[in-house]
Every structure is written in structure tokens, then in C-alpha cells.
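Just so you know, the sequences run in chain order P and R. Using the numbering used here, you'd call the opening residue of the first sequence number 65 and step up by one each time. Using the numbering used here, you'd call the opening residue of the second sequence number 936 and step up by one each time.
I should point out that these hints are in silico values taken from the structure, not numbers from a laboratory. Think of the CB as a built atom: it goes at the ideal place given N, C-alpha and C, for glycine as much as any other residue.
Residues from chain R shown here face chain P by an in silico Cβ test under 7 Å; the list is partial:
hint	residue
1	1116
2	1117
3	1227
4	1250
5	1277
Pair by pair, the computed Cβ-Cβ distance ranges are:
hint	chain 1	residue 1	chain 2	residue 2	range
6	R	1330	P	146	24 to 30 Å
7	R	1283	P	200	41 to 47 Å
8	R	1301	P	197	52 to 58 Å
9	P	197	R	1259	22 to 28 Å
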Amino acid sequence: MSEENVKIGLETHLQLLTDSKLFCGCPTTGNDNPNTRVCPTCLGMPGSRPRINKRAIEMGIKVAAALGCETPDEMNFSRKTYFYPDMPKNFQITQFSIPVGTNGEVTMELDSQEKTVRIKRVHIEEDPGKLKHIGGNITSSDYVLIDYNRSGVPLCEIVTKPDLKSPEEARTFLRKLSEIFEYLGVYDTTGEATIRSDANISTGGERAEVKNITGFKDTEKALRYEIRRQVNLKKRGRKVKRETRGYDDKSGTTKPLRTKEQEADYGYIFEPDLTRIELRDSWVNTLEKEIPELPHQKKRRYVDEYQLSKEVAAAICSDFDMTKIFEDIINKGKNVSIVANILSGPVKKVLNYNEIRLAESEIDEQKIIKIVDMVENKEITDRNAEMIIRDIAIEDKDPEDVKKEKGLGAVTDDKIDDMVDEVLRENEDVVEDYMNGKGEALNHLVGKIMEKSRGNADPRNARDTLKKRIEN
Amino acid sequence: MSASEFVTGEVDLEKFHKKLEKRIDGLVELGLIRPIDYEYSDKKDGKLNGLPFTLKDSICSKNDPTYAGSKILEGYKPPFDATVTKKIKDSGGTIFAKTHQDEFAFGTASTNCAFTTPKNPWDKERCCGGSSGGAAGLSAALDLPHINLGESTGGSISEPASFTGVVGLTPTYGLVSRYGLISFANSLDKIGPISRKVEDAALGLDIISGKDFKDQTTVKKETNYRKSISEDLSGMKIGLPTSYFDIAQDEVSEVVMNAVDDMRSLGAETEEIELEMTEAALPAYYIIAPAEASTNLAKYCGMRYGMEGEPDGNFRNYFSKIRGKGFGEEVKRRIMLGTFTRMAGYRDKYYLKALKVRKKIINDFKRAFKKVDVLAAPTAPMVAPKIEEVEEMAPVEQYKLDKLTAPINLAGMPQLSVPCGFHKKMPVGLHILGDHFQEEDILRAGHNYEKRRGKIDYPEA
Chain P
65 MSEENVKIGL
75 ETHLQLLTDS
85 KLFCGCPTTG
95 NDNPNTRVCP
105 TCLGMPGSRP
115 RINKRAIEMG
125 IKVAAALGCE
135 TPDEMNFSRK
145 TYFYPDMPKN
155 FQITQFSIPV
165 GTNGEVTMEL
175 DSQEKTVRIK
185 RVHIEEDPGK
195 LKHIGGNITS
205 SDYVLIDYNR
215 SGVPLCEIVT
225 KPDLKSPEEA
235 RTFLRKLSEI
245 FEYLGVYDTT
255 GEATIRSDAN
265 ISTGGERAEV
275 KNITGFKDTE
285 KALRYEIRRQ
295 VNLKKRGRKV
305 KRETRGYDDK
315 SGTTKPLRTK
325 EQEADYGYIF
335 EPDLTRIELR
345 DSWVNTLEKE
355 IPELPHQKKR
365 RYVDEYQLSK
375 EVAAAICSDF
385 DMTKIFEDII
395 NKGKNVSIVA
405 NILSGPVKKV
415 LNYNEIRLAE
425 SEIDEQKIIK
435 IVDMVENKEI
445 TDRNAEMIIR
455 DIAIEDKDPE
465 DVKKEKGLGA
475 VTDDKIDDMV
485 DEVLRENEDV
495 VEDYMNGKGE
505 ALNHLVGKIM
515 EKSRGNADPR
525 NARDTLKKRI
535 EN
Chain R
936 MSASEFVTGE
946 VDLEKFHKKL
956 EKRIDGLVEL
966 GLIRPIDYEY
976 SDKKDGKLNG
986 LPFTLKDSIC
996 SKNDPTYAGS
1006 KILEGYKPPF
1016 DATVTKKIKD
1026 SGGTIFAKTH
1036 QDEFAFGTAS
1046 TNCAFTTPKN
1056 PWDKERCCGG
1066 SSGGAAGLSA
1076 ALDLPHINLG
1086 ESTGGSISEP
1096 ASFTGVVGLT
1106 PTYGLVSRYG
1116 LISFANSLDK
1126 IGPISRKVED
1136 AALGLDIISG
1146 KDFKDQTTVK
1156 KETNYRKSIS
1166 EDLSGMKIGL
1176 PTSYFDIAQD
1186 EVSEVVMNAV
1196 DDMRSLGAET
1206 EEIELEMTEA
1216 ALPAYYIIAP
1226 AEASTNLAKY
1236 CGMRYGMEGE
1246 PDGNFRNYFS
1256 KIRGKGFGEE
1266 VKRRIMLGTF
1276 TRMAGYRDKY
1286 YLKALKVRKK
1296 IINDFKRAFK
1306 KVDVLAAPTA
1316 PMVAPKIEEV
1326 EEMAPVEQYK
1336 LDKLTAPINL
1346 AGMPQLSVPC
1356 GFHKKMPVGL
1366 HILGDHFQEE
1376 DILRAGHNYE
1386 KRRGKIDYPE
1396 A
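Extracted from the complex, chain P is given alone in its bound form (with noise of 0.2 Å):
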């Protein structure tokens, strides 16, 4: 979708990789029955007090870094408030006159042009409880229960000038985003992971907010909706409203939530009970020094060092579990472009239909080294390669085991040989057709010989040795 005037700009939430809570601690991830992981200060009981996660703050000072951002050299907190049932002291912990970083910059790559997107501000805050509709949605449910295990988990918000042209720039940056934070390790792109975002779209008129939206696709396609219902309104000579709209991912539609009038007003103060947070410069330049190579770094690197395609580079850069794997492997000597080949061919493949990410797969360096090494010894085909990673992504199984299950191998000249004349034999009014200059015929025939070989041929080899017999 392409629009001239199309302007989107988004604030997203990762959560933070910590053990515990942001201001108590109880623990983020373990016993998930309801409202286990919870205490008097994230349950926001009378009486209770909010103390800094330190580890929490030190992961915030890190992403606004890796973003480029500037960092003050003190921070404070603030409370929002807003009444909502999954907030339990109905006011949230958040940054708002001093955040963790301001005037950071994202670069991506958009159909292989750099693209460079603002980033307002980096803030720290608290997420609240879960809400369970029972019995319907949020209109229509008998009730709903409140899940606090989640209350009080550490979130960092990215907010982006309104940088973004299109829901597919949207996702891609979305996708930039999370591969940071993975590298940074301060997000967890496994399991329940989410990316939360609000997203402000204008398409040349007012500007309408749309809410709650969870994860790249949905992020695509509530895009995609809004901007059409903008278009929509003003073909129909219809101005659009400044308004605040929430995305039903049932209907993937956007839907009125409150009107500029309605705004909430979150009367901001300063949260009193935690004193200001001061970044002293050598705290800074320690966890500066931490940041890790980040992907655009380590994708310029692979291209110039290892001659790997810009593609190739980016498929093994997007997880940075695989950047590892490539890395150790072939600091082991290993053929660099057989090993980048089948991490960002096959395994890519397999991970991305599976929708794991590699660290959730069985597959490990060892079982890698094994295929690299029965692909350089022409032991098995590309094609053979592709079915061993199918079969070993998801359950623990040796490769060599896979090979012998399935009888894979690649197939000798030799062998090839005997196929073809085989093959010619029993198929003499193909030959003739592909004689008479029927060249879709050969295709035919590669295909009886990978038949034959049950899939082991190289196809490509068995297409010349076809072609040169029969010419000949």
C-alpha cells in the first residue's frame, strides 16, 4: 500500500528480560495460575512502596543507548493516572518529564534502501494486570477476571516521530526493533514474548491513534485498515476525527474508542515514593561498553569480511542465536559459504514455517557441523540438507540417524549415468518431442530421474548429463 501523504508514528512496548519485577520482587516468569507471582507493592495493597529494579534501569540505559539516544544525567518516575481494572493502584509508574533517552535514530533497510527513523523518546514503566473476558469480548462478556501475575513486569517504550510511510515499513521497523533488544539481550523473542504498540496514523488530515495492537502482523494489518478507513472518508468527503481507536484483532478492524473531548488527562506527578535516579557517567560508559555488536553492524561486517550476500547476511543476522552458531562454526575452519548458505536457506525455511525462532529448535551447532560436513563431501544434496533440518528443527534427532531413516545420499556420476540411460530408454517420444524442439520436455525427463533416485540426484547435474547424451 502506497499512500503520498500517509505519516505513522509508533510507541511500542517490549518487556524487559528481567528475573523480577520492575518496583518489587516477585518473579516475571514461572508459576503462571493467576495471581500467584504477586505481593503487597505490585497488588498496590495500602500501605505498600515501590523500590527500584536496578538491573531493570540498567537494561533501559542500554537500549537508549544502542538507539543513539542522549541520556540525562539524572531520571525520575512519575505516576499516570488512569481508572482501568487491570491497574492496581489505578495510576501506572512511567516516565514522563525525564525519560531514559530522548533523540535516538533507528537506520533499516527498505528494498535494500537505508531508511533512517526518529525516535522521540526511551522510557521505563510498569505493565499492568490481565483482564479475562469470560463468556465474550469486552462489549459482550458475563465477567471478567483480573490476573495481576503480570502487573508490575518492566516495559520499555520506544516512541518514533511519525517517520513511518507504510503499515509494511511499520512492521519492518517493528521487526528492526526486537532484533535490537534481542542482541542487547534485555528481551526475550521466545515463548510468550509480545510487542505492544499504539500506533498514530494520518493520511494528510487529523491524526487518530490506534491501540492496543500485539505483534508485527497485526501491526500490518490494523495499519492497513485505519489508512483505508481514512481514504475511505475523504473519497466520501468526510473529514477524519482526532481520535483515540482501539484494534479488534478478532475483526481486524479499528473501532472509536473515546474523542479528542474524552482525552484522558493522566495528571502527571512525580511518583514521590522513589527518589530520583542519578546516571553517573561511569555507570553509563560501563553498560555503554556491554552493547554488544548490533545487527546492522554485524550485517555490514558479515558482507564486507565474509563476502556473504547483503540477503544472506540479513536472513542470519535477524536471529541472533544464528549469528552465534554461523560464527563458531566457522571459526572452526568450516567452508563459509556452505555454512551461511544452509543457515540462511534451509534453516531459515524450516524455523520460519515452524514460526520458532532458532534457540525454541532442537537444532544446535553439532547437528549444523554434520550437515555442513555431508554437504562439502557431496554425501547428501542441498535438497537432502533441507529434509534432515525439517526433521531434526523440532525433535531431538541426529542427522547421520535422518540420513539412514530416509535413505538420503546424494546419487554418484556413475550412478547418474546409468539413470539417464535408463531414462532414455523407456522414454524414446519424449526424447523425440524435445528433439522437435519441445524444450519443456527435458523437464519431463530431470523429473523421471529424480524419481528414480528418490529424490537424491542433483537435478542440476542430471539436466546436463541429459542434454549432453542426447544431443550427442
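Model the placement of chain R on the given structure of chain P, informed by the hints.
Okay, now just chain R, sitting in the frame of chain P:
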């Protein structure tokens, strides 16, 4: 016998316990306390030896009714101890009651209590002051060794102590943990002891002070307050803020000046001090405190704890219904006031400006404490008014009772009110103010004055 003597001396706990039990009904009748189930501490390590304590209703104690003076919390039993509560229990104190207070500590006369209005033991038609009115009244009414913990946001320890003729100590902000205190205004709230004698207040502070990881605003201070009070007053410089004496009724100021003379005769030197920001304090206080309070009170909505109702309509209808029913008039007034001053269009004009005024007030005091060790002034502009009179006062008139206590509370500096005489047969308080963490100075000044003053004949209650 004082609380301190009780701790060091040999006490027949069983006999003492019986005496205390006999007094409880009378104290309830005066509207001072709500008794809780308790067991006498048998810890005898020389620290508190079972010394009885009471807690202001806004201080949590595990499984004990803790309502902060509000119907909206009626029936609530916190699942945890406040840090001060835990410290008392760990030191072998016995907590036997909660003392009545203004709802969420919003008041200057304890006439905004949802449950009962505490009566002043000196004259039952008069108020005890607020908001720690029950705690102060109890100290005057109970002639057995004990210590009460009160809480001050803008003067809620000193003012009732003054009105009931007892000692009230408000420590420096950050010296005593607020974990487990039901918040009024977090940047102002301070827990402190109320007792009959300065020495007992010092003992109380020794028990409850100290850094607490559960309250990030606390600091570490290694001090023995009870030991530090005995030094004499020779060479102590006492400042007399002229504006304070002008604001108080002449008769009240006169009584306080006599006390100042007494301190002079003990070797202290005095000089007049100009505090420029006195008039600005009350408006700043009544912006900052309600702004914070209105956010603190948002959590009371009929879910999770306290008052509940039939959930009909959407959550907004339900929250409004419970809050409409559960909160008293003054609470609603302060929620509206506090919400208004932090709204987007008014935040700069009120809330942020008040914070700037607060800084200036701190500097005002800091300048004074460069010249003198402590300040001495009347605690309240008048003696305890009649309950009926208070109820007829406009809210602003009631707020004015805080005029002499609001500035030092905004500054977060320690203060001690010591009874120093009478006007219209009602006690008058001498207010001794100190710089941040200079509790030793104000306790020493108070203790020396108290010795000089001699015993007070408390009314039979």
C-alpha cells in the same frame, strides 16, 4: 512512671496488663482508640519489655483492622506489618489498639473521622486536634507507660500534641520508614512518636528509625536519641521566628515566650529570625498534599479490599458508586482539589509552581539554621477549639490551623511539640524546630525545658 523507666525498671507485667485492660473501655468511650486483639509480648531483652504501643489507624499491622479513619477501608486487615510495626514487635513492644484519626489524615481537628470524633481529655467538648487526634488524646488520657505512633503530613503530630498537652515528635523525612503507612501525601508523610515525655518520644524514635530497603526514601543514621537528650542547653542558639509569634493569638504567644525565657535561663541564647516564606507555605502545602493524595486514593474503588458493592453497570459506574459512598466529604473535596491542580492545563500553574515554592521554603529554613541551632515558636495559633466550633468552620479556616506547622513539614525537617502552659485552661504547645536530621538538638532542647517546667497534672480520664 514513664515509658523509659518501664523499660529499664522491673515491672510486674501481669499487674500492669490488668491495669491497662481496665482503662480500655474508658478510652474507647472518649473516641480515642479502637482496641485490637493482642497478646502481651514476653520478649524481655531489655529493649521494650512488653511496653504498650498504639498505632495511628493508617499504620498497617498484620491481620489487624486498619482503616485509616475511612469507611472505604472498613473491615480491611492488611496481610503485612508496616516496618515500624515490625520493629516494635521485634523489640518486644505490645500493640494493643489503633488510634482514631481524620479520614486518610485529612484534617486538623479529627472531626473528619468516619467512625468517631476523639474528645479532648482536658475538655470533652473540645477537639483533640488532627489528624493524629486519637493518639494525642490517648497520651493525655492514659496515665500508664506507653508510646503512640502518629503520622504527620502537614502538622498532624505537633498540632494534636499541642491541643492535648503531650509531646509529639515529627522526625526528618526519610529517618523513619513509611513502608506500611497508608499514604496521604508520600513526599510529606512522616511517622513519629507521641507520648507524655520527651524521653519517651526519643525512645520511640530509637526503635522505629533506620534505613529500610522497602522505602527508598529512607537513610542510614546511627544514633542513640535517648542518650543524646541529657546534655544541657548552655550555648544552644535558639531562633525566634517573629512571623510565627505574630500569627498566633497573643495569649498563646505569651505562654510560649515564657517557655523561651525558661530555656534562656538554662543557658540558651536567643535571637529573632525572619522567615520570609511563612505566608506562602499553606497554599503550597494545600496544592502538593492533595495532588499526591488524589493519586493515592485512586486505588480505593471497591476491588481487592475494603468496601464492596453489587457490581452493576460498567467498571466506571461501579468505581464511582463505591467511591461516592465510601469517601467522606473532606476526602472528596481534596480529591477534586488535587486532581484539578495536576491537570494538563493547570499543572504548571499550580503543582509545579508549588514545588518551586517548596524549594524556597527549604532554603528559608536552611538560612535560619546557619544562624541558630533550633527555632522555637507556638505549635498552633490557638488552643484546642470546641468540636462544634470546628464543625462550623469553613474548610479554609480549618486549614489555617496548619499555618505554623505546614512550612516545617514542607521542608521535611524535624519538629517537637512540648506542652508549655495553658490558656483558657487548655494546653499550649512549644514548637521546637530543627534542621534536617538534627533530632538530637530539638530533643535536647525539649527535654531540658521539660525538666525545668516540671510535672503536668493531667485530667482524670
